[in-house]
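Novice: This is what each chain is made of:
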Amino acid sequence: MDLTTLLQFFINGIVLGAIYVLLAIGLSIIFGMIGIVNLTHGILYMLGAYAAVSLTPYIGFFPNLIVAPLLVAAFGMAIEAAFLRRIYKGDPALGLLFTFGLAMFLEQMVRLIWGTLGIPFQIPAALRGALVMGPIIYSKYRYFIALCSVAVIGGLWWFLEKTRYGTIIRAGSRDPDMVRMLGISLKPVFTAVFGLGVALAAFSGVLASPLAGVEPAMGTNTGTFAFVVVVIGGLGSFWGSVISGLMVGEVESFCIFFWPPMADASKFALMILILLLRPRGLLGRRWERFE
Amino acid sequence: MKRWLLFQSVTANLGLLAVLLVLPFALEHLKSTALMASQILIFAVVGLGFNILLGYTGLLSFGHGMFLGMGMFGATLTQLHLLRGAFWGPIAVGTLCAALTGTVVGFLLMRRRGVYFSLLTLAFTQLFFTICYRWTDVTGGENGLSGLKRPEVFGLDLRSDYIFYYVCLILLGACVLLIRRIIDAPFGRVLQAIRDNEVRAASVGYNARRYKHVAVIISGTFLGFAGALFAFLNYFAYPEVFHAAFSGSIVAMTIVGGMRNFFGPIIGAAVYVFFQDLLSSYTKHWMIFFGLMFMAFILFSPNGMMGILQNFRNRFRSALPDAAAAPPVAAASDPGVPAEVPNRRVDPALLGPEIFRIEGVTKRFGALAAVDGVTFSVSKGELRSVIGPNGAGKTTLFNVLTGNLAIDGGKVSFKGEDITGLEPHQIARHGIARSFQILSIFKDLTVFENIRVAVQSTTPHRFALFTATDELTAINQEAERIVQQVGLGVLRDQIAMNISHGDQRLLEIGITLAMQPELLMLDEPLAGLAAKERIRIANLIRGLAGEHTIILIDHDIDQILNISDRITVLAQGKVIAEGTPDEIKANPQVQEAYIGGFDRKHLVAHPPQRRTDTPLLEVDRINTFYGKSHILHDVSLTVHPGELVCLLGRNGAGKTTTLHSIIGLVPPARGEVRFAGRPVARLQPEQISREGVMIVPQGRRIFPNLTVEENLGIAAIQAGRNGRPVVWTPARAYDLLPQLGRLRARRGEQMSGGELQMLAIARALMQNGQLLMLDEPFEGLAPTIVEGLWKVINQLKKEMTILLVEQNADLALSLGDRVYVVNNGKIDFEGSAQALIEDHELRVKLLGV
Chain A
0 MDLTTLLQFF INGIVLGAIY VLLAIGLSII FGMIGIVNLT HGILYMLGAY
50 AAVSLTPYIG FFPNLIVAPL LVAAFGMAIE AAFLRRIYKG DPALGLLFTF
100 GLAMFLEQMV RLIWGTLGIP FQIPAALRGA LVMGPIIYSK YRYFIALCSV
150 AVIGGLWWFL EKTRYGTIIR AGSRDPDMVR MLGISLKPVF TAVFGLGVAL
200 AAFSGVLASP LAGVEPAMGT NTGTFAFVVV VIGGLGSFWG SVISGLMVGE
250 VESFCIFFWP PMADASKFAL MILILLLRPR GLLGRRWERF E
Chain B
0 MKRWLLFQSV TANLGLLAVL LVLPFALEHL KSTALMASQI LIFAVVGLGF
50 NILLGYTGLL SFGHGMFLGM GMFGATLTQL HLLRGAFWGP IAVGTLCAAL
100 TGTVVGFLLM RRRGVYFSLL TLAFTQLFFT ICYRWTDVTG GENGLSGLKR
150 PEVFGLDLRS DYIFYYVCLI LLGACVLLIR RIIDAPFGRV LQAIRDNEVR
200 AASVGYNARR YKHVAVIISG TFLGFAGALF AFLNYFAYPE VFHAAFSGSI
250 VAMTIVGGMR NFFGPIIGAA VYVFFQDLLS SYTKHWMIFF GLMFMAFILF
300 SPNGMMGILQ NFRNRFRSAL PDAAAAPPVA AASDPGVPAE VPNRRVDPAL
350 LGPEIFRIEG VTKRFGALAA VDGVTFSVSK GELRSVIGPN GAGKTTLFNV
400 LTGNLAIDGG KVSFKGEDIT GLEPHQIARH GIARSFQILS IFKDLTVFEN
450 IRVAVQSTTP HRFALFTATD ELTAINQEAE RIVQQVGLGV LRDQIAMNIS
500 HGDQRLLEIG ITLAMQPELL MLDEPLAGLA AKERIRIANL IRGLAGEHTI
550 ILIDHDIDQI LNISDRITVL AQGKVIAEGT PDEIKANPQV QEAYIGGFDR
600 KHLVAHPPQR RTDTPLLEVD RINTFYGKSH ILHDVSLTVH PGELVCLLGR
650 NGAGKTTTLH SIIGLVPPAR GEVRFAGRPV ARLQPEQISR EGVMIVPQGR
700 RIFPNLTVEE NLGIAAIQAG RNGRPVVWTP ARAYDLLPQL GRLRARRGEQ
750 MSGGELQMLA IARALMQNGQ LLMLDEPFEG LAPTIVEGLW KVINQLKKEM
800 TILLVEQNAD LALSLGDRVY VVNNGKIDFE GSAQALIEDH ELRVKLLGV
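Line by line, the protein sequences give chains A and B.
If you're matching positions, the first sequence starts at 0 in numbering that gives the first Met the number 0 and goes up one per residue.
If you're matching positions, the second sequence starts at 0 in numbering that gives the first Met the number 0 and goes up one per residue.
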């Protein structure tokens with residue numbers, strides 16, 4: 000085991016982590032604004048991937064990075080406007096229950112429409128092969144994933160911190176009624192935020208689809224890992240999601256290297272460790288609205 | 000009536016038993032199998048065990064499959080490798096595995112609160128799934144483990160599905176009875192109290208985390224038992240039970256059946272198994288339909304089928320004439336003729352030895368020291384009052400002393416023992432009980448059970464798992480006595496949430512008393528009560544002193560002066576005076592604190608503004624409710640353009656509620672609000688704000704995570720949209736309030752109280768509306784800042800219309816043109832500020848100052 004191999008696994012961890020970061024930030028934004036942990040998140044990630052697989056023959060791969068998230072976001076916003084909106088005022092558990100039921104339903108629908116078997120999917124021709132940088136030989140497509148994720152995370156940070164809409168979202172996550180008393184209607188903001196979070200999930204689904212193809216169980220699996228990431232990072236914390244997503248990615252990557260069968264379990268082990276050492280999560284702070 | 004109910008429940012139980020006895024034959028008749036009957040039984044126990052957490056503790060688990068799976072694999076592995084051909088041994092081991100899982104996983108689950116519980120359970124079951132799926136050597140991986148045998152027990156050949164069914168019926172029937180017993184035992188009652196109000200449960204001495212942990216273990220154990228039987232039913236253990244989807248179906252069937260009814264999960268299990276059997280012969284995607292049904296229940300009937308049945312039955316019942324046999328919810332707190340408060344204050348020299356001492360207690364919120372080095376000591380049997388203007392830090396002090404907020408500095412000792420930094424339930428167990436400013440009761444329990452749960456916290460039975468609470472005579476008698484003592488006898492069996500506000504206040508005190516505390520800490524027990532009720536409760540409190548030591552916070556100065564032995568005065572988080580009521584009355588510093596260092600030279604009556612004929616704001620006989628409490632009664636007021644109108648009144652009189660009704664946050668149920676001639680009472684807050692209503696809310700409500708600039712920016716978004724000119728810009732706000740200009744990049748959470756108040760005013764101005772509503776702007780501010788703020792408002796009133804809500808009458812009157820006084824949700828007085836300034840007697844009568 001030499002240094003270059005280690006470095007390759009390190010980069011691989013970042014790439015794996017990037018997907019988790021995108022998922023976790025989406026979850027966090029939705030939770031912060033609406034107060035609902037979206038248990039459908041993993042399934043919507045999967046829908047993004049299935050959309051990419053289905054649409055690529057017609058429009059090629061790259062347009063999917065825009066088209067699939069938009070389609071899935073439109074679907075998510077319709078769900079929000081039609082159903083979720085009805086339960087904001089009730090018991091917070093209703094949101095969990097509804098999104099969980101929706102996830103069960105959608106996963107079955109995916110099986111019904113696309114079949115229960117996985118569909119293999121290819122890395123787009125332009126990004127096949129490896130890039131050689133000195134001693135490090137690494138997949139071009141994985142570099143592409145890392146690049147896209149950095150761009151999206153950076154753009155998102157800019158959007159939340161520097162734009163008027165971002166200000167409304169940050170303010171609304173702390174005191175929604177006060178925002179309304181300043182003349183700002185939150186209904187469209189809620190819908191838009193749900194759409195944004197869902198679009199992030201679908202986007203990471205598109206990015207991940209060429210890595211291992213698509214299959215109906217991928218939603219629940221990856222979705223659970225996204226929950227593990229927010230438990231570690233703390234719900235509602237942007238940088239908490241980023242750090243913890245990357246950590247989970249690294250742990251998984253090195254576990255693939257040292258003890259492959261336990262690669263999935265390793266993420267849970269990290270979560271248990273964090274629970275024991277820092278019960279609030281890495282950057283989690285007490286958030287009165289939700290505890 | 001009672002006999003009829005008993006008859007009903009006996010017939011219902013016998014009916015259920017009859018159905019269960021013939022179930023396998025009936026199902027076979029329906030072209031199904033006896034196996035399915037056993038599956039219904041097993042899932043019924045799964046649902047009931049799961050519902051110990053969901054319905055009775057309020058914890059939503061998405062991972063209960065892990066317990067069932069542990070039971071299943073534990074039993075299977077035991078029979079395959081250790082006890083070949085055995086039945087009871089494997090079942091015991093499987094159950095034990097689940098209990099152990101509950102212990103370890105439960106410990107980890109309790110490290111986090113709130114919504115994390117659901118996420119963590121989901122994560123844990125997936126962890127088990129991963130391990131089970133990959134650890135092929137032991138668990139068989141994807142294929143699971145087969146080869147399990149049903150042996151002969153007591154001469155019965157379990158291989159017969161019928162015999163197996165009846166064995167299951169006996170075993171699982173015992174589980175059902177056991178679960179029922181646990182729910183009715185003191186332990187189960189505490190779980191329900193925690194579900195209703197965890198903070199309150201801790202404050203009566205229950206370690207909520209420990210109870211929840213034990214609930215997880217118990218619930219998991221039942222699932223493990225059911226899982227072991229399930230393995231025998233199928234001759235097989237398979238990994239899918241660990242998958243989140245399986246746990247999801249446990250949740251779904253419980254919800255569909257009804258989590259708020261004991262039998263709900265049984266119905267749910269039957270429906271689920273039947274549904275699965277029926278649909279899976281047509282399509283392998285039957286979960287689609289079940290998922291749809293589940294979502295429909297969440298949206299339309301979260302209490303499931305039993306909820307629908309209950310609603311239906313209620314409707315049917317209320318149509319019957321004899322339904323009125325149930326006693327109406329009478330107001331117990333109708334006091335008749337209030338007795339005089341026995342003015343038996345004690346000479347401080349005669350008070351007992353010191354029992355409670357606090358030294359240098361400090362609590363900071365960001366840059367704000369809400370409690371700042373408070374030191375005092377209380378003697379045994381004393382009635383000590385803590386008073387101070389709004390925002391002085393009284394409630395924060397209580398929260399720190401009772402462990403509800405973490406302490407930042409100082410020391411608290413009780414009976415010579417250091418209790419600094421203990422958790423609320425530990426402090427309660429030392430003999431300190433508290434009541435809450437904002438009502439904190441167990442809303443879904445009856446009045447009697449509210450008290451009983453508090454009584455049992457001090458007895459050795461508080462953790463009893465299998466004793467029926469109804470049979471614990473001593474506890475029941477004591478609870479009965481306290482219900483009578485606080486005068487709630489008539490309402491004994493009413494659900495707490497349905498009784499009147501005054502009665503809920505009494506219940507709050509009753510819960511506090513029920514713990515037999517040595518020290519009672521009462522936080523504004525008189526708030527929001529009518530005059531008669533105030534006297535009645537003050538009376539009750541005075542009667543308790545001597546036997547108990549009492550620390551009392553309230554704003555009703557008359558009652559405080561009347562009943563207290565000694566008084567401590569707080570202002571801006573510091574003790575500024577301490578002494579007997581007479582000493583406090585004579586203390587000039589105290590008076591200054593109450594009028595906020597306000598220079599009385601400002602208090603000159605000025606001629607009211609000339610009024611135009613059309614009012615800007617017209618509140619027309621509005622009636623507003625919070626839940627079932629009727630807060631505002633026919634409140635009317637008008638504000639004309641250019642006026643400054645004051646709305647005065649005691650704490651809890653309805654001032655803030657009036658503002659919230661105007662802005663639409665708590666819309667009035669009856670009556671109308673007109674702004675610039677347009678009716679707005681049915682509009683949303685954002686729409687009313689856009690009409691031109693600006694609010695500086697109580698407590699400022701500055702966004703803590705936004706900078707000064709961003710706080711102003713977000714308010715300016717809607718400015719100018721309504722065709723009104725934009726006269727207020729951030730630049731102009733910085734001009735008016737120079738200190739804000741220096742803090743542009745600072746976040747709200749890093750600012751002091753005075754700075755936050757200035758920012759709140761500036762933020763409201765950015766909306767460029769027509770009416771500025773200020774809710775207690777002077778609350779909790781230091782005298783120098785009050786002076787500055789007074790000047791700012793005096794400046795603003797020259798160019799805008801203002802509605803000022805204030806507790807400090809002097810400050811408000813010196814600014815105001817006209818005044819309304821609100822009392823118990825009704826307008827008591829309407830007139831010019833001048834009239835109230837000049838008529839001292841009237842002021843005392845209306846405002847008690």
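Rather than coming from a laboratory, the hints here were simulated on the basis of the structure.
C-beta: ideal position from N, C-alpha, C; glycine also.
A couple of the hints might just be wrong.
[Claimed, not checked] Stretch-level coverage of chain A by chain B, calculated; a stretch enters the list once three of its residues show a Cβ under 8 Å from a Cβ in chain B:
#1 44-58
#2 175-185
#3 252-263
#4 267-274
Novice: None of the hints should be skipped; say for each whether it holds.
Specialist: Status of the hints after comparison with the structure:
1. Counting residues of the stretch 44-58 of chain A whose CB lies closer than 8 Å to any CB of chain B gives 0, so the stated coverage by that chain is violated, three being the minimum.
2. By the rule of at least three residues with a Cβ nearer than 8 Å to a Cβ of chain B, the coverage given for the stretch 175-185 of chain A holds, with 10 such residues.
3. Residues of the stretch 252-263 of chain A with a Cβ under 8 Å from some Cβ of chain B number 3, which satisfies the need for three, so the listed coverage holds.
4. Coverage of a stretch by a chain is defined here by at least three residues with a beta carbon nearer than 8 Å to that chain's beta carbons; for the stretch 267-274 of chain A and chain B the count is 4, and the condition holds.
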